[in-house]
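Novice: Residues per chain, in single letters:
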Amino acid sequence: MPVQPQLSTVRSGAGASGNGSSSSLLGRFVSAINLPFVIVATLLVLYGLLVVFSAVSADEDYTFSRQLAGVAIGLVVMALVWAFDYRRLSEYTTLFIIVNVVLILSPHLPIIGVNTMGATSWVKIGPLPQLQPGEFAKITVILLDASIMARYQGRLDDPREYLKAVGLMLIPFACIMTQPDLGTGLVYLFIAAVALVMGGANWRYLVISLAVGIALIVAVFVIDEVLKGATGEYKLLKQYQRNRLLVFMNQDSTDLSDEGYNLQQAMIAIGSGGLFGQGYMQGSQHALGILPEAPTDFIFCVLAEELGFVGVITLLALYVALVIIGFRIASASSDMFGLLIVSCIIGMWLFQILENIGMTCGLMPITGIPLPFMSYGSSFMIVNFALLGFMGSVWTRGKQNTRRVDYATAH
Amino acid sequence: MLFAIIVAIITFIVATAAVAAFFVLRARKAGTVAKPSHAGRDRVRSVDNVGVKSTLDEQVRARGGKHATPTTAPAETTTGRVSESLRSRFVALGVLAAAIFGSLTVKLWSMQVLASGEYKNEALQNKYTTVATPAPRGLIYDSDGVMLVGNRTALTVLADAEVADDHDVVQRLSAVLGIPYNVVRMRIQDQSSGAQSQRVVASDVRQRDVAFIAEHSDAFAGVTIQERAVRDYPYGALAAHVLGYTGAISDAELETMPENRKVELGDIVGKSGVESYYDNLLAGEHGQRRVIADSKGRVVEVESETPALRGSDVYLTIKAAAQYVADVELAELIAPGNVIGKGKGVGGAVVAMDVTDGSILVMSSYPTFTPETFNGGITQDVWDLYSTAESYYPLLNRTISGLYPAASTYKAFSSLAALKYNFANKDTKWVCEGTWDGFGSGDWQDCWFRSGHGELDLHGGIVNSCDVVFYEIGKAFYFAGKTQGGTISDTALQEEIAKFGFGKTTGVDLTGEEGGRVPTPEWKEAYWSDVPTEGFWRGGDMTNLIIGQGDVLTTPLQIAVAYGAVATGNIMKPHLFKEVRNGEGANAAAIKFESEVVDVPEVEEKYYKEVRDALAEVALGSPETMSAFADWGVDPTMVGSKTGTGEMAGKEDTAWYVCYYPKDNPKYVVSTCIEQGGGGSTVAGPVGAHVLGALLAAENGELTDIGRVAGSSGKSVEVSSSGGGRTD
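Protein sequence lines correspond, in order, to chains D and A.
If you count by my numbering, then the first sequence holds residues 888 to 1298, one letter each, in order.
If you count by my numbering, then the second sequence holds residues 1128 to 1855, one letter each, in order.
Be aware that a few hints might be false.
[What the hints assert, rightly or not] Distance windows between CB atoms, simulated:
id : chain 1 : residue 1 : chain 2 : residue 2 : range
1  : A       : Thr1351   : D       : Val988    : 22 to 32 Å
2  : A       : Ser1431   : D       : Met1064   : 48 to 58 Å
3  : A       : Gln1316   : D       : Arg953    : 49 to 59 Å
4  : A       : Thr1351   : D       : Met1064   : 56 to 66 Å
5  : A       : Ser1212   : D       : Gln1169   : 47 to 57 Å
6  : D       : Leu967    : A       : His1294   : 40 to 50 Å
[To be verified] Anything over 12 Å on all C-beta distances counts as not near chain A; from chain D, calculated:
id : residue
7  : Leu922
8  : Val925
9  : Ile985
10 : Arg1042
11 : Leu1050
12 : Leu1076
13 : Ile1095
14 : Gly1255
Rather than coming from a laboratory, the hints here were simulated on the basis of the structure.
For each residue, glycine too, the CB sits at the ideal point set by N, CA and C.
Construct the entire structure; sequences and hints are all you get.
Specialist: Quick look at the structure:
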């Protein structure tokens, strides 16, 4: 091992550990940058803006500047979160539960609550643009689930503790189902599942939970069927949810209900992109308004249509890179809480990527889940930046810890 | 396809394997490379724990406390790395990620690379739409080339269905267009043109108002302006019933269209009159536009275009100048000031025909309508107005669909029958005392001339229209019938009358023609099947029939055609169609009508002569008609004519006048009927005489003025009954 680099590492490490006032703020900041992480995140955000710009150009209901504003606010939020030591939050489980419940239930409040298309998912406070608290709650759900599992320090073999943890994690899901918003609810469930797996819950409990979950889903359908027999209509699942499932199960049918039509047009958009796409700003499906909700839920179709398989693979590669970086940060975390936060973030993104892209190409049933960094919408954009901030925060603390260790080793 | 599946599976496996391999390698690397230092690190960490404690850790411990006593914390967790014990979990999450990205990649590969062609086709189908552009309809001219129906573009204000709920927009539309608020709202809610399509708020809107709406489009959300080709009627309601009107095709019409006719939803088709009957000639062929349109139907780009082919121009046999006189005569007689009931009668019909070839030269019906009001779909208020009894149904073409008792106009045909069966001849004479009870039943039947005509032969009976003469002939027919022990058919009289086309349609080239009725014993029995005691054919039925009363029903056109046959011996097929001309050039006539003799009644020439001689004297007996002929310089001695006054219980009489000219070499026949008009010679006679005079003047080229005719206002007052009795 060469001596020289080691020495310099020690020096910078000593500076970064911040036990002297001599180190400049800039120096701390520069050393606090995870270059691959920043590059991948920047590329993703720019790529998203590029696609959104094309998508909104054909639809006067959306404005590109609003998306830019979302990114700008997001950057500030990210910087603040990054600088903040996440470890301070690890003990606030009760607080997170309260915050989650209040956030998710806030659209039910009078005056600020807004009901659109049968779901009470939005709030409008004064002149601020309409916000979706369920999106912001993704952050607190991650923090809640991570803080619950962190206290077990990677081993959870006690069935009572396991049930307690699962019960606490189901609170946000229960709240979101009152809106109702099944899509976001599934995201919460998936975050909880990742927290359980990565938090070291006993494999047997996990398998049993999965079996119970599947049994519950079956039970919902069975009970619904029984209810229909008794009352003449389905009570548990709404008709549009049934339609979405039916369309998913039976994609070749020429049934052109709204859901079927949406899926068909989304698949045409993707397929017609071919290897290299129709060209940027040239996608006919979204430019002519045939593709529904192009800038938001079906943004992936715009990308696939205009930039083709090459553009799609580029996006997937960026996602893969982000996930790998996420794994590295998680495994390098100095504590269980940080590891779980990052794992949950990755898990959430994975689920949203799978569901969003999957629904547009017929792999998954249609639900309104946005695609991270791509979909139009400032709420989710800010949330993603905040999550990037948490990843950065975990990485920074983890690195400091490693440096401290290295420093101690060297001396 | 098999290849695609294989490639997809391979790609999936490779992708999954690659990602899994990455994690496995990474994990092993961490295991092998880090292991030697692992122990060292542990030691160092313990040093760290003992010596250089993080201030942060202290803070956390001080606040939480729990961190210091983890429930199930393994020893390593206090060190810098917590991930080692969770390596299997990372692998699990990694495999999940690999599966997600792998399956997405495979699916997208199959869609974008393997099956891209099909999707591209579908996208192209989505992108391009072929729109049929409407073809301008052909124009309609009169026989001299006067344009009766043209085309022009009109600005139409349309609104989406949702606009009906927007109070402000409806209010603004009402203010700008000058239509009451409720009417605007009602029109927007009207679903008659289909639930999806935009609703017509106003057709033919002024340029100024359209400009205002276009400039303030923000204030008129959901409102659009469209340029539509509409029919133009330079003379208003002139010959409205002949021309008919147009409108958007209905679902029912769409289904019943013949195969060779290509129609699209929203096409303008003829709904009545010539517009409807010759729709296939007038309609033309759609153009085709291949366009890129967005999901809202807005055309973004036009790819290619085949122009629409305008419909053929149709020339009618109508003489517009004479038609104008007829339309005005009827309007002034029936509805001075456009209110029915202020003049004489409640409705009227005049039809003039060229007896040599069946060309209809004048066809006028009152009350009438302005076909223009039907442009862009008739509004509910107009439709409602025209459907009330008070308006006397202006849409009804009374010349072909109006059914009236033929009254004394029947006497020409009864006379021919009487002559044939020898119930009347040169020596037969009757005495008219003004009233008659030939059957001795006590039911006295009156002659229109209550004082009585005295002694008459058949000639005198026709000239004076003496009813008693015909009662006697009817009685003779009745008792000669087999049922009454006679030798001839019970319906011999009806058969003779029916030879002249009564009881069946004339076959004129219009829709909605009625055939009328010549009552027979069978008909009566069937008609009264619910009350069999009434279904018995009596002598009185025969005497009613012979003077064209009772259950006799006929149309003015039937009378015209039948008198044409009395004049010439031929029953002609009446027609309005003269020829089709495509484009310019005098010789461009593509289709011309061919005159058709429908039937030649078997009537001996000497009987015709007998009747014609009598008809030639009728006009001379009526001072009103004589003076009317004089108005147009027509020599009344050249006219063969017959009056009629049809009685209807509880209503004013139906006035008839039918004449042909010149009597020796007949060319024209004019049939006039005024519904509830009163006496034939005093009310219908002058109208018929004027129309014949105008027709002659128009044929000579002396009459060319054509003016604008107003449609009926739909208003009426109660008809004042003259109560003067018949003046046949």
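Novice: Indicate, hint by hint, whether the structure satisfies it.
Specialist: Hint-by-hint comparison with the structure:
1. A:Thr1351 x D:Val988: 22 to 32 Å: violated (49 Å)
2. A:Ser1431 x D:Met1064: 48 to 58 Å: holds (54 Å)
3. A:Gln1316 x D:Arg953: 49 to 59 Å: violated (36 Å)
4. A:Thr1351 x D:Met1064: 56 to 66 Å: violated (43 Å)
5. A:Ser1212 x D:Gln1169: 47 to 57 Å: Holds: the Cβ-Cβ distance is about 52 Å, inside 47 to 57 Å.
6. D:Leu967 x A:His1294: 40 to 50 Å: holds (47 Å)
7. Leu922: holds (19 Å)
8. Val925: holds (21 Å)
9. Ile985: holds (17 Å)
10. Arg1042: Given a closest Cβ separation of 5 Å, the condition is violated.
11. Leu1050: holds (14 Å)
12. Leu1076: holds (15 Å)
13. Ile1095: The claim holds: Ile1095 (chain D) sits with its nearest Cβ about 16 Å from chain A, beyond 12 Å.
14. Gly1255: Check passes; 19 Å lies beyond 12 Å.
Hint check: violations occur at hints 1, 3, 4 and 10; the rest are consistent with the structure.
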